[in-house]
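Given only the sequences and the hints, what does the whole structure look like? Please build it.
Heads up: the sequence shown begins at 0 in numbering that gives the first Met the number 0, then just goes up one per residue.
Just so you know, the hints here were simulated from the structure itself, not pulled from any lab data. Be a bit skeptical, because a hint or two may be false.
[Said to hold, decoys possible] In the DMTMM-like style, the derived pairs of lysine to aspartate or glutamate whose C-alpha atoms are separated by at most 25 angstroms in a straight line are:
| no. | residue 1 | residue 2 |
| --- | --- | --- |
| 1 | K444 | D109 |
| 2 | K114 | E15 |
| 3 | K155 | E230 |
| 4 | K210 | D246 |
| 5 | K444 | E177 |
| 6 | K168 | D54 |
| 7 | K210 | E248 |
| 8 | K458 | E408 |
[As the list claims (entries may be wrong)] Just the calculated beta-carbon pair ranges, DEER-fashion:
| no. | residue 1 | residue 2 | range |
| --- | --- | --- | --- |
| 9 | P57 | E132 | 48 to 54 angstroms |
| 10 | T26 | W529 | 34 to 40 angstroms |
| 11 | F44 | G427 | 52 to 58 angstroms |
| 12 | T441 | Q414 | 20 to 26 angstroms |
Virtual Cβ for every residue (Gly too), placed ideally from N, Cα, C.
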Amino acid sequence: MGNKGNCVGQSVCSYEETMEALSSLITRRIRGDGSNRVGKFGLMFKYVKVLGLEDDLPKLKVIHIAGTKGKGSTCTFSEAILRECGFRTGLFTSPHLIDVRERYRINGLDVSEEKFLQYFWDCWNQLKENVTEDLPMPTLFQFLSLLAFKIFISEKVDVAILEVGLGGKLDSTNVVKEPVVCGITSLGMDHMEILGDTLGKIASEKAGIFKPRVPAFTVPQLSEAMDVLQERASELMSSLEIALPLDPENLNGMKLGLAGDHQFINAGLAVALCRCWLQKTGHSEEFDTNMLIKQGKLLPEAFLKGLSTAALPGRAQIVHDESVKSDKSSESEENTYGDLIFYLDGAHSPESMEACARWFSHAVSENKYANKGEKDGEFVRSEKIQYDCKNLDGSDKISKRILLFNCMEVRDPQQLLPQLFHTCASHGVHFSKAIFVPSISTYHKVDSGSSAIPIDTSKDVSWQATLQRTWERIIHGKDAISNGSLKTENSLKLPSNGFAHGKFSQKCNFEEKQFNCSAIIPSLPLTIKWLRDCAKENPSIRVQVLVTGSLHLVGDVLKLLRR
0 MGNKGNCVGQ
10 SVCSYEETME
20 ALSSLITRRI
30 RGDGSNRVGK
40 FGLMFKYVKV
50 LGLEDDLPKL
60 KVIHIAGTKG
70 KGSTCTFSEA
80 ILRECGFRTG
90 LFTSPHLIDV
100 RERYRINGLD
110 VSEEKFLQYF
120 WDCWNQLKEN
130 VTEDLPMPTL
140 FQFLSLLAFK
150 IFISEKVDVA
160 ILEVGLGGKL
170 DSTNVVKEPV
180 VCGITSLGMD
190 HMEILGDTLG
200 KIASEKAGIF
210 KPRVPAFTVP
220 QLSEAMDVLQ
230 ERASELMSSL
240 EIALPLDPEN
250 LNGMKLGLAG
260 DHQFINAGLA
270 VALCRCWLQK
280 TGHSEEFDTN
290 MLIKQGKLLP
300 EAFLKGLSTA
310 ALPGRAQIVH
320 DESVKSDKSS
330 ESEENTYGDL
340 IFYLDGAHSP
350 ESMEACARWF
360 SHAVSENKYA
370 NKGEKDGEFV
380 RSEKIQYDCK
390 NLDGSDKISK
400 RILLFNCMEV
410 RDPQQLLPQL
420 FHTCASHGVH
430 FSKAIFVPSI
440 STYHKVDSGS
450 SAIPIDTSKD
460 VSWQATLQRT
470 WERIIHGKDA
480 ISNGSLKTEN
490 SLKLPSNGFA
500 HGKFSQKCNF
510 EEKQFNCSAI
520 IPSLPLTIKW
530 LRDCAKENPS
540 IRVQVLVTGS
550 LHLVGDVLKL
560 LRR
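Following this line, the structure appears as structure tokens:
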């Protein structure tokens with residue numbers, strides 16, 4: 000793109016061209032390469048100066064949040080609470096699912112395309128004009144962080160909620176020297192190739208966002224992590240308080256906007272952070288939540304509304320696919336087609352996978368009762384029975400669960416898939432089939448919501464074969480599956496939908512090395528089409544699809560469903 004460095008606003012550069020420019024900032028290093036992090040972080044202060052933000056950045060009233068699990072949810076709860084309190088909010092989170100503008104919310108809404116282009120090219124051109132051998136263009140996340148500062152300063156937000164991208168100490172967001180308050184969500188073993196191979200080392204990286212005499216909050220942690228957090232806070236003379244999970248009774252009968260029992264932990268931290276922010280910014284008398292809680296009273300109405308309306312796509316999200324029924328000719332055809340429901344959660348660590356499995360198990364069980372007296376179909380695991388259940392809504396549809404899974408190659412499927420399988424099984428939830436499919440989005444290109452979606456059936460599926468073998472070993476036992484023993488689906492041949500109407504009498508054949516309880520499909524668009532065809536051709540079923548393992552996969556599915 001010849002004019003990539005010379006665009007001045009929307010009239011010159013299209014949104015797609017802007018995505019190309021953004022993509023050029025993606026480094027080609029192998030993911031997990033943490034080389035020269037200190038040097039890169041040091042450049043952030045120079046970039047801030049180039050953009051003329053050094054005087055205004057300290058004026059932002061920031062809530063800075065790091066952690067392994069739940070930081071996006073905690074940020075989302077915090078933003079919703081303070082917006083309902085009447086403040087103009089800015090929220091920066093990552094990653095995005097469909098469009099990069101999702102990372103920037105002003106008053107709960109994605110920044111408009113027009114403003115995004117304006118701020119993008121203002122930053123891009125200033126940085127480009129000042130490139131030297133010692134000051135290259137920033138990396139992708141550095142630029143996205145700088146853009147967040149530019150947007151929030153220009154939009155004059157009352158509060159900026161910043162989610163750390165990776166770690167904390169050397170994260171691009173950590174150029175904020177004096178946040179109002181800091182928060183650390185639940186810590187676990189993730190990104191160990193960069194952050195360290197012990198919980199203590201990871202906690203040390205996260206505690207890097209603590210600032211001298213700036214109050215900090217965290218959730219209950221394992222002692223190895225908590226000791227590190229408390230030591231760092233003490234060194235900085237900062238108060239560190241433990242925010243307990245929110246008591247559901249304090250919600251006055253309302254439900255959290257984000258589903259899952261683990262969200263009460265994130266909500267409790269968000270309440271503590273918002274309460275502290277209000278106190279530190281001179282609004283404590285208007286919203287004295289501390290006194291209310293001590294008196295055993297409910298949270299302020301604005302807090303309740305924020306907690307109950309918070310929304311974060313791709314995390315415990317349920318989408319009913321109406322396209323399955325879009326070609327009905329009359330209401331009398333109500334039961335002509337089956338139902339197709341997607342349950343989407345971007346869990347990609349063992350801990351988050353357990354939380355995802357518990358949420359999914361609860362969600363698919365909400366609208367049915369256990370009909371243990373009927374044998375409606377055999378579960379794919381040998382010598383076990385799956386009892387499908389009829390629904391409280393009066394329909395006779397039988398629920399069939401499908402797992403749609405992919406994860407990055409730096410993840411360990413032997414930790415993720417068993418956690419998912421056994422947690423679901425412990426709640427009486429089993430999968431009729433598992434589908435392993437490559438994601439559409441790549442780590443070397445930033446797409447927009449309107450980018451073309453390729454139907455590529457020639458993708459390398461060797462990683463998906465590894466995932467499938469891991470799954471089959473869980474189902475049939477380690478001795479039943481050897482490396483290379485699976486007959487994967489032909490690249491253009493979709494699996495049979497016989498599972499949909501109870502035809503799993505065609506059990507897995509070990510001698511023929513044929514397994515019917517899982518499949519690899521090399522194209523996500525073809526997978527969605529296959530699922531829709533299954534629902535259309537089987538009016539007696541409700542297909543419940545759990546999409547998990549990768550936020551990229553979740554985003555790709557949402558993009559396809561939106562089309």
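Numbered hints the structure breaks, given as an ascending list: 3, 4, 5, 7, 9
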